[in-house]
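Asks: Sequence:
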Amino acid sequence: MMSKMTKYEKFLESGDNKYKDFLVISPLMRGGIIPTEVRLKAQDWMDVGYINCYTCIDGRSSFLNNPPVKEFLQSVAEFFGGDSAEHTFGCRAAQFSVMKAVSGLVKSGEFANMIVADSLSHYSTNIAAEMNSLEVTEVPHTGYPEYLIDPEHYDEKIEEVKEKTGKLPALVMATHADPYQGNIAPVKEIGEICSRHEVPYMINAAYSAGVQPIDMREMKADFLTVSAHKSMASIAPLGFLVTNFVWKKEVFAMSQDRPDWSGRVFGKKIPNIFGCSIGGLPLISSMLSFPYVKERVLRWDEEKDKINSFIREMEDIGDIMLLGQRPHEHHLLSFETPVLDEIAETHRKKGFFLAEELKKCRIVGIHKGKTKNIKLSVYGMTDDERGKILETFFDIIKKGKPS
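So the sequence shown is residues 23 to 425, counted in this note's numbering.
Watch out, some of these pointers could steer you wrong.
[What the hints assert, rightly or not] In silico DSBU-like cross-links for lysine-lysine, where the CA-CA straight-line distance does not exceed 30 angstroms:
| id | residue 1 | residue 2 |
| --- | --- | --- |
| 1 | 92 | 270 |
| 2 | 326 | 371 |
| 3 | 291 | 371 |
| 4 | 63 | 29 |
| 5 | 410 | 382 |
| 6 | 271 | 326 |
| 7 | 382 | 392 |
| 8 | 271 | 291 |
To be clear, the hints were calculated from the coordinates, so they are not data collected in a lab.
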C-alpha cells in the first residue's frame, strides 16, 4: 500500500503552481486573470464540485436564485446587448449549441447544409460545425502582413452558397477578434449583409467580450459566443451563449423526450447545452468578477493607447514588426521577429531559448519553440510591468545577437 501511495505522490506535488507570481504575457490568459479579491472570495466556494447546487429545485442551474445565477445570466445578456443568456462549458460549447440549433433548420429543408465562416476563425468553430455535419465555406483574408477581412466577401459567399444549393447558408459567423493577429473583424458591416439576406448571424467574441465594449444588437448579431475564462476574469471552463428573443425559443428549447418504457420527462433541461451546464466554481468566479469586468471595459480606449505605445517601443528594438491591423484594436499582438529567429539558429536550445530566458526573468506565456513569430499581450499591466517586458526583450536580444 505504501508503494502505491508513493507512486501517486507526484500528483500532490503537481498542486504547487510553479508559475505563481510570474508575469503572464499569453494572449489566451491576460483577459482571464482573476482579481486578488475574487481569488480570496472564491476559496469559500471550494467545498464541493456542485457548490452552487445546494438550493436547486428545478434541476437546471440557470434557474437558481441562491446564488443568484438567474439574475446574473440576465445581467450578462444585457451587458452584451442581448435578451437571454445561458452559461456553457466554454465558448466552444456555446458555438456547438448554435450550430446544433441551425442544423435542425437544415433538416427541415429551410437552409443549406453550409455555414459561411471567416478564414481566421478559431479551430473550435470548425470542430463545432463538423460535429453537427455542417460544411464550412470560408471568406478569404488579404494575407501577409495585415490579414484583413473584407465584408463584401461575405456577401459573395452567401450568394455562392445560394447559387450552388438553391438555399441560403444555415449560419454566417464572424470571429470578432481573431486568435492569430488579434484583428477586429468588420462585424457591423457583416451584420448588415446578414440582415439583408435574412441569414442567422453568430459572432465569436471569445477573445474580446469582457475586455472591450461589445453590443451584439448594434452588430446585428443573432448569437454571441463568449469565453469567460479567456476574457471575463473567470476560472475555466466557462462560456456564455447570448441571443435575442427571436432565437431564444430555438436555441434554448427545452427537452421534449419521453423514453418509451419509463415515460420519464426532462422538460426543464436544454438539449443544446447538454441539459444543465452546472457551473460550479467557474460560474461562481465569473459572478464575483462581473463588477470588475463591467468597470474595466470602460477603460478600453486607455488600454488601447497603452497597447499601441508598447507596439511602437517593441518595433524600436529592431527587426520586429507587428502583423495585423494598425493602429491595433485588440490586446493580442502578433510580432514577426527575425531577430529572435536569427539568435535561435545558433543557440544550443534553438527556438526554445526565448521561453527559457523569459522564465529566468519570471515571465511566462510565450509559445515554447517559436521565434519566427511570437504572440503576446500586455493587457491590464501596469506601466512598470510593460516596461519590464520591453526591457527583458531588449536584454535578451542584446545578449543573443552575434557581435
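Asks: Please go over all the hints and tell whether each is borne out by the structure.
Replies: Right, here's what the structure says about each hint:
1. 92 x 270: holds, 15 angstroms
2. 326 x 371: Since the Cα atoms of residue 326 and residue 371 sit roughly 35 angstroms apart, the hinted pair is violated (cutoff 30 angstroms).
3. 291 x 371: Violated: residue 291 and residue 371 sit about 53 angstroms apart, past 30 angstroms.
4. 63 x 29: This hinted pair is violated, its Cα atoms lying about 34 angstroms apart.
5. 410 x 382: holds, 13 angstroms
6. 271 x 326: Distance of about 38 angstroms is beyond 30 angstroms: violated.
7. 382 x 392: Cα-Cα ~17 angstroms, so holds.
8. 271 x 291: Cα-Cα ~13 angstroms, so holds.
Consistency note: the structure conflicts with the earlier hints numbered 2, 3, 4 and 6.
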